[in-house]
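Protein chains in written order, with the numbering used here: chain A, 1 to 325; chain B, 1 to 255.
In short, the hints are calculated from the structure, not lab data. A portion of the hints provided could be inaccurate.
[To be verified] Label-pair distances were calculated between CB atoms; the ranges are:
hint : chain 1 : residue 1 : chain 2 : residue 2 : range
1    : B       : LYS2      : A       : GLY215    : 42 to 50 Å
2    : A       : ASN306    : B       : ILE164    : 33 to 41 Å
3    : A       : PRO149    : B       : PRO170    : 32 to 40 Å
4    : A       : PRO216    : B       : ALA252    : 25 to 33 Å
5    : A       : GLU170    : B       : ALA220    : 33 to 41 Å
6    : B       : ALA252    : A       : GLU170    : 35 to 43 Å
7    : A       : PRO216    : B       : SER222    : 33 to 41 Å
8    : A       : PRO171    : B       : ASP88     : 45 to 53 Å
[Unchecked claim] PhoX-like cross-link-like pairs, simulated, lysine-lysine; straight-line CA separation at most 25 Å:
hint : chain 1 : residue 1 : chain 2 : residue 2
9    : B       : LYS253    : A       : LYS297
10   : B       : LYS231    : A       : LYS322
11   : B       : LYS2      : B       : LYS197
12   : A       : LYS282    : B       : LYS231
13   : A       : LYS282    : B       : LYS253
14   : A       : LYS163    : B       : LYS253
15   : A       : LYS282    : A       : LYS322
[Claimed, not checked] Covered by chain A, per the in silico footprint, the following chain B stretches (three or more residues, Cβ under 8 Å):
hint : stretch
16   : 5 to 17
17   : 89 to 101
18   : 137 to 146
Quick reminder that beta carbons are idealized off the backbone N, C-alpha and C, glycines included.
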Amino acid sequence: MADDILVILQQEAGKVRRVALEMLSLAQQLRPGQVTAVTFGPDAESTKDVLGRYGADRMIALNQDVFAHYSSDGFAEAVRQIQNAVAATALMFPATAWGKDLAPRVAGLLQAGLASDCTEIRSESNGRLVATRPVYAGKAFATVQIDSPVQIFSIRPNIQSVKETNRSAEPFDCPIDLQALSFQSKVVEVRTQATETVELTEAEIIVSGGRGMKGPENFQLLDNLAQALGAAVGSSRPVADEGWVPHSYHIGQTGKVVSPNVYFAIGISGAIQHLAGISGSKYIVAINSDPEAPIFKAANYGIVGNLFDVVPAVTEAVHRLKAEQ
Amino acid sequence: MKILVMVKQVPDTATRIRMAPDGASIATDGIKWVINPYDEFAIEEALQIRERFQGEVVVISVGPQRVEEAIRQTLAMGADRGIHVKTDAGLDSYQAAAALAAVARLETFDLILTGKQAVDDDAAQVGPLISVFLEIPQVTVVLKLSINPDTQRLVAERELEGAIEVVELPYPAVVTAQRGLNEPRYPTLPNIMKAKKKEVRVESLEALGIDTVPKVRVTALSEPPTRPSAKILTGDPIEAAQQLVNLLHDEAKVL
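Here chain A stands alone, though its shape is the one from the complex (with noise of 0.2 Å):
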C-alpha cells in the first residue's frame, strides 16, 4: 500500500467532525484510490458509510475497548503500528485538539516530520507532497518541504472543501500488538460546556464583540445577532481578559484562530495581534464608530455607527432575510 495516505480521525457515537470529510476529500484529490482511513472506538465501524462517500477507499477500524477513550501514548503507538504495516507514504491528522496532540507524538515514534495546521497540501511532479501553512497566527504564509520518507500534516479545519466521491471504505484488517500498547495518559471524563452556540473553529459565522460593547451585561446584543444568524459568539482579547467573557471566546494571536466565511467584528479595533487570528475569514464585517478603526482597513464591509444602535438593526434585518428564505 505504498503511496498511501492514512487519514487518522475522531469519532465520537459514530458521528465524525467535519474535518475528517475535509480531510479525506482532500486525500482522494491527491492520491486518487489510495486513502486509507483510520479511526478508534467500540463505533468506528459506523463511520464506514460517511467516510467511504467522502474518499475513503479503506478503512481501518480500532475498535477494542481499549480505544474507547482517548490517549496519546496508547493511540500514538497504535497508529506507529499501522503505518509499519501498511508504509504509507503520507498521514493526516486534523488540527483540532484531538489531532494536534496525537500527531506530534506519532512524528516523534515514527521519526518523521510534521507540518502543523495546514490550509493547502499540494502534490509535486515527485510524487512528494508540499505544504502551506500561517504562521505568525496568519500575518504569515510559509511553504513548507517535510524531507522525511513520510510525510505527516495536521489540517486546518473549515479551509478544504468537501467532496462526496463515494469510494467503498473496504474494511481493511490490522492487527495491533495490544501488549506493546501502553495507555498512561488517558481521558477520565470529558465536559461539554454549554452548546447552545457553534464552537468558533468550526463555526461558518463568527459574531465577535469588544471593548466598544462597553459591559459584559451588552454581549446580549451579540447573542441576539448570532442567534439569528446561526453563528459562533467570539471575543477581543481585553474584553476576556477583563471577564467579560470567557476565556475561550478569545479570537487573536494568543487566542483562537479563526476561518470563517463571515466575521463580524462589533466594537473592535483591529489590534495587530486580533487581526492575526482572523485573516483566514473569507469576509469580514466591522461596526465601529471610530471611522479611523484599523478593523476598517482589514473589513470587506463596514458600518461606521453607534453600535448600540446597528447591532440590532442587523439583527433584524437579517431576521427579515430569514422570513424571506
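With the hints as your guide, set chain B onto chain A.
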C-alpha cells in the same frame, strides 16, 4: 519536585511581520523579542508548584545569544537557574525538541512544563516531541493542573473544541500550558537584581549530539493575501444595516 520549563524567545505579538530578502524568513531588525506568552504560563505554574512542594525550577531555551535575555527574565520571575543551548542555526520543532530532551536527560526531572505552542511558528509540536523522546506521557493545552506527590500522578483539565477533557497520568510527564492556567507574575525589583547572579549554563548542540539537518524546511514565506478596500456604509443605522445584509446576501452570497 524538580521542574524543567522549556521556553522559546519569539517576536512580540505586536510585531508587524516583514519578509527578509531571502524570501523564506522574516526581517528581524527592530523586532522586540519576548518570552513566548504560553511559556509564561508554564513558568508561573512551575513557580507555584515549587511554592507548594519545594524543589527547583530550571529554565531551558534554545537559540542565539539574545535568548539569554529571555532566560534572565524567567530567573527574575523566580526560576532558580537557566540552561542556554546556544546556536545560530534555525532549528525545526523536531531538532529543538531533541536538543531540549537531551538536556532534560542530563538534568533529570519530575515534571516538564512548556507552552501549548510558540506564537512564531505556531507548530505546537515541541512539548509532545520531548515526551516521545523521553518516553514519558504528555498532556497538552492544560487549563488546570493538580499534582498528587503520594501517588506520583497528575490530573489535568485540557481545552477541547467546546468541551473540557479531564486527563489522568503518572509523572514524570510533559504538560503544555494554555491561557487561563494562571496569571503570570511580574518580576519584582529585588528578584531582577538576584537574577543577575543566578547561573545560566551554556550548552552546545554538538556536545548534546544534535544534528542540524531539519526534517521540515520553510522554502518560502509570503504575506497573507490582501483584501480589496472595504465598502463603508454610514448614515441611518437601520438603512446601513439593511444595506449590509443585502450586500452579504447578494454580493458576497454568504447569508
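ASP88/B and PRO171/A - C-beta distance against the hinted 45 to 53 Å: Hint holds: Cβ distance 52 Å, inside 45 to 53 Å.
Can you tell me if the stretch 5 to 17 of chain B counts as covered by chain A, using C-beta to C-beta distances under 8 Å and a minimum of three residues? That given contact holds, which follows from 6 residues of the stretch 5 to 17 of chain B lying within Cβ reach (below 8 Å) of chain A.
Mind checking the hinted window 33 to 41 Å against the Cβ distance between GLU170/A and ALA220/B? 39 Å, holds
Would the pair LYS163/A and LYS253/B pass a check requiring their Cα atoms to be no farther apart than 25 Å? 20 Å, holds
Could you say whether the range 25 to 33 Å given as a hint is met by the Cβ separation of PRO216/A and ALA252/B? Given a distance of about 31 Å, which is inside 25 to 33 Å, the answer is holds.
Are the Cα positions of LYS282/A and LYS231/B separated by 25 Å at most? 15 Å, holds
Go ahead and decide if the range 35 to 43 Å is satisfied by the Cβ distance of ALA252/B to GLU170/A. This hint holds: roughly 41 Å between Cβ atoms.
Hinted pair, alpha-carbon criterion (25 Å max): LYS282/A, LYS322/A. Please report holds or violated. 21 Å, holds
For PRO216/A and SER222/B, compare the CB-CB distance with the range 33 to 41 Å and indicate the outcome. Holds, at about 39 Å.
Hinted pair, alpha-carbon criterion (25 Å max): LYS282/A, LYS253/B. Please report holds or violated. 11 Å, holds
LYS231/B and LYS322/A: Cα distance at most 25 Å? 23 Å, holds
Are there at least three residues in the stretch 89 to 101 of chain B whose beta carbon sits under 8 Å from a beta carbon of chain A? holds (count 4)
Hint compliance for this structure: no hint is broken.
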